[in-house]
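Chemist: Take a look at the letters that make up each chain.
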Amino acid sequence: MTVLVAYAPAAEGREALTEGIKEAHLRKADLLIVNIGRGHHDLEAQEVQELEGQLTAAGLALTIESSVLADPGDAVIQIAQERNVDMIVIGLRHRSMVGKLILGSTVQRILLDATCPVLAVRADKL
Amino acid sequence: MLDSAMAALASLADPSLLIMLLIGTVAGLIMGLIPGLGGTGAVAILLPITFGMEPPQALALLIGALAVVHTSDTVSAVLLGAPGSASASVTMLDGYSMAKKGQAARALTLAFLSSMAGGIIGAIGLTLAIPLARPLVLSFASPELFMLTVLGVALAAVLSRGNIIKGVSAGLLGLILGMVGTSPTTAEERFTFGSLFLGDGLSLVAVALGIFGLAEIASRASQRRGQKETITLGGGWGQGIREWLTHWTQVIRGALIGIWAGVLPGVGATAGTWLAYGQAVATAKDKRQFGKGDPRGIVGPESANNSVEAGDLIPTLLFGIPGGVPSAMLLGMLLTYGIQPGPSIITEHLDLMYLIVWSFAIASILGALFCFLSVKQLAKLTKVPFAVLAAGLVAVMLLGSFQEGGQLGDLWIMIILGIFGWLLKSTGFPRAPFLIGFVLAIPLERYYFLTDSLYEGFDWMARPGVLVFLAILILPMIWAFMKFIRARRKTNLDDGHRDEQPEDDEAPLKNSTWSLVASGIFALAFAAALISSASFSPEARLVPQLVSIGGLVFSGILLFIEIRTRLRAKAGRAGWTLDAGFALKTFVWMTGFLALTAVFGYLIAVTIFIPAFLLVVARARLKVAIIYTGVLYIVLLALPSLLPIDLPQGWLNTLV
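So the protein sequences, as listed, match chains A and B. For the first sequence, the residue numbers in the numbering used here are 1 to 126. For the second sequence, the residue numbers in the numbering used here are 1 to 656.
Derived from the structure by calculation, the hints contain no laboratory data. The beta-carbon is built from N, C-alpha and C at its ideal position, and this holds for glycine as well. Just to be clear, a hint being listed does not mean it is correct.
Ranges between beta-carbon positions, derived for each pair [unchecked claim]:
1) R122(A) / K101(B): 42 to 48 Å
2) P508(B) / A61(A): 35 to 41 Å
3) R566(B) / E65(A): 33 to 39 Å
4) A82(B) / H94(A): 43 to 49 Å
5) A123(A) / T565(B): 28 to 34 Å
6) F481(B) / A123(A): 22 to 28 Å
7) M482(B) / A123(A): 20 to 26 Å
8) H94(A) / P508(B): 35 to 41 Å
9) R288(B) / L26(A): 26 to 32 Å
10) A487(B) / E65(A): 24 to 30 Å
11) H94(A) / L475(B): 21 to 27 Å
12) H94(A) / L369(B): 53 to 59 Å
13) G102(B) / E65(A): 24 to 30 Å
14) D579(B) / A61(A): 40 to 46 Å
Far from chain A, some chain B residues (derived; all Cβ distances over 12 Å) [unchecked claim]:
15) V26
16) F51
17) G181
18) F197
19) L233
20) Q340
21) I472
22) E539
23) R568
24) T591
25) T607
26) V617
27) I634
Lysine to aspartate or glutamate pairs mimicking DMTMM-like chemistry, simulated, CA-CA at most 20 Å apart [unchecked claim]:
28) K292(B) / E65(A)
29) K100(A) / D495(B)
30) K285(B) / E82(A)
31) K101(B) / E82(A)
32) K490(B) / D124(A)
Okay, chain A solo, but in the shape it has when bound (with noise of 0.2 Å):
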């Protein structure tokens, strides 16, 4: 059992993290992180730690994996293709339809391309 987590430095991947944390403590599944922010933008390699030592704690294992593609909406969905992952967990904020129609959503991408259950959290909750 795995758990995918798309984590970027932003409140939209830290929300998804949280979530995907609760998810693999509560369906025991392993958690792979990939990192989808702009410019490379990794976890720090503190924080790495920490999730580590609590994860193992558990007796579960913590994976971080990145992909050739460059899109990271195409990247997620190749991973967890790849890894044959249970669950993938994004985070998301409002976006305006024009927003969407004239600069495209890749949470929207992974919706509607993902061949696994998709947990959405929301990062601006009322």
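Start from chain A and add chain B according to the hints.
Modeler: Then chain B, alone, in the frame of chain A:
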């Protein structure tokens, strides 16, 4: 229309045209193999040979080369994992993975066939564009043509990869450089500093070969070692053909993306292939194999990078604004023949248009055929270290840029621009807008004055065509500004960026003292242009002044940003890198070669420069150096009798 198409095909039966097409195709294939040359290098090197020819022959030669450059650049990408051009690096992702699995033949089959199809579809696109654009183009008057030239430079600056401010600065500096020489309106000399040979303006070949060719050589000359791995082609020819047939939709999709990328100025083969790759990944349900040898990852991009060159020709020939750097040079060539692209080419030279289309399609097929037949030999060629090739390339490029004016001054300018081009390349300035600006400078000014004399005040601005172009001009800027704001606020996380290529190390000296120096040079050049244009007559100074004021604003912003980042970065990146030292050393070598030429003449300079460069810089064996020099010497000796080429004479020759 069909008549002229058939007539053009019949004219290709003329042996002299056919031979030129064949020579062009072979030359294009060879230049595709040499890293860094690409379509730009191929056209720039072949252009000087065409100076003595009739337009059809010259076009057959150049189009033949341009059509197949992206067919052969795949070979080294697939076999060695070292792409022959930036656009072939996409094919490397899946092609090299296949080769590592022992299926190089499968990857190459897919690539060659797709390249061929891309070329043919591109040619069809060009054909269809003629009747579609014809009524539109014929309705254009000077205001629209003026707006088109502005649009050509502006779009190239905005759409080029990297920073927009850098792109605009480069485009404006190109415009200034293009204005060197005689003013089109008042026939007074501008920016010539009293020099007689600058009066004709800078030579297009010298500028292109300097900014792209020499700069590329300098940044790669440090590659002394060739690939040592043994190359095996493996099997899978049949499998490749079968897979190509099953993925025919990807071939067509890739070609269409390529044409579109080609039509947009400044979006070249590199961006086009990445777009096609992104599209292939996006439309695939099973994405697991991408990057590990998925045939779809080869088919689409390979088809796209050939059709880009055809797409480039659409705006070039129909509207007179080059879609890319190679076509900017073609435009320059057509202008020297007195063929005005735009409305006049459609009415008066339709046969040439169709000749281009047919040449493109036939060369695409021939190119793929040659690649299949000679893939083993081509594979061996890719193992030659670049430093060894560089010696010959420098000699050929210097000889090439001598042909246009027959003056050594052009060669000095070429080397200076080579250093500048290297600086632009390594500090992340796009070079395409620079060259496009250079080519469009004179047409822009001419159309402006035509418009100004025909219309009262700003009445021309109200013409519907002009308004549409204004909208096209402004929209990308709003778009870019919006993206910039979103990036600042960090609200762009979810925005799609499928079309972006991955971060690469193309510009190793970005945000260093080097880029500060580059911005400083820009600001200085614009300031100097502004000051020296004050002495021109009012008509001659209007456009240069506007351009240099704009340039000062943009380069000022650039300088401000650079200084701020310099101040913020405490430790700062090392100013003098190993590669920079090597590149500058290469330029010293080139200068030495030119100095030798100036004193002893070209032939003697070659016999001194080539062995010295090979032994010292490339560290080649003595035997290689002797044979290399001998062969080159004989070829150069025979060349003037075969082709209309002059060898530069030195100071000593004038004494004898």
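Chemist: Against each hint, give a clear statement of whether it holds in the structure.
Modeler: Hint check:
{"no.": "1", "hint": "R122(A) / K101(B): 42 to 48 Å", "in the structure": "holds, 44 Å"}
{"no.": "2", "hint": "P508(B) / A61(A): 35 to 41 Å", "in the structure": "holds, 37 Å"}
{"no.": "3", "hint": "R566(B) / E65(A): 33 to 39 Å", "in the structure": "holds, 36 Å"}
{"no.": "4", "hint": "A82(B) / H94(A): 43 to 49 Å", "in the structure": "holds, 46 Å"}
{"no.": "5", "hint": "A123(A) / T565(B): 28 to 34 Å", "in the structure": "holds, 31 Å"}
{"no.": "6", "hint": "F481(B) / A123(A): 22 to 28 Å", "in the structure": "holds, 25 Å"}
{"no.": "7", "hint": "M482(B) / A123(A): 20 to 26 Å", "in the structure": "holds, 21 Å"}
{"no.": "8", "hint": "H94(A) / P508(B): 35 to 41 Å", "in the structure": "holds, 40 Å"}
{"no.": "9", "hint": "R288(B) / L26(A): 26 to 32 Å", "in the structure": "holds, 27 Å"}
{"no.": "10", "hint": "A487(B) / E65(A): 24 to 30 Å", "in the structure": "holds, 25 Å"}
{"no.": "11", "hint": "H94(A) / L475(B): 21 to 27 Å", "in the structure": "holds, 25 Å"}
{"no.": "12", "hint": "H94(A) / L369(B): 53 to 59 Å", "in the structure": "holds, 56 Å"}
{"no.": "13", "hint": "G102(B) / E65(A): 24 to 30 Å", "in the structure": "holds, 27 Å"}
{"no.": "14", "hint": "D579(B) / A61(A): 40 to 46 Å", "in the structure": "holds, 41 Å"}
{"no.": "15", "hint": "V26", "in the structure": "holds, 34 Å"}
{"no.": "16", "hint": "F51", "in the structure": "holds, 42 Å"}
{"no.": "17", "hint": "G181", "in the structure": "holds, 43 Å"}
{"no.": "18", "hint": "F197", "in the structure": "holds, 47 Å"}
{"no.": "19", "hint": "L233", "in the structure": "holds, 24 Å"}
{"no.": "20", "hint": "Q340", "in the structure": "holds, 37 Å"}
{"no.": "21", "hint": "I472", "in the structure": "holds, 16 Å"}
{"no.": "22", "hint": "E539", "in the structure": "holds, 43 Å"}
{"no.": "23", "hint": "R568", "in the structure": "holds, 17 Å"}
{"no.": "24", "hint": "T591", "in the structure": "holds, 39 Å"}
{"no.": "25", "hint": "T607", "in the structure": "holds, 47 Å"}
{"no.": "26", "hint": "V617", "in the structure": "holds, 34 Å"}
{"no.": "27", "hint": "I634", "in the structure": "holds, 47 Å"}
{"no.": "28", "hint": "K292(B) / E65(A)", "in the structure": "holds, 16 Å"}
{"no.": "29", "hint": "K100(A) / D495(B)", "in the structure": "holds, 8 Å"}
{"no.": "30", "hint": "K285(B) / E82(A)", "in the structure": "holds, 13 Å"}
{"no.": "31", "hint": "K101(B) / E82(A)", "in the structure": "holds, 19 Å"}
{"no.": "32", "hint": "K490(B) / D124(A)", "in the structure": "holds, 14 Å"}
Checked against the numbered hints listed earlier, the structure breaks none of them; every hint is satisfied.
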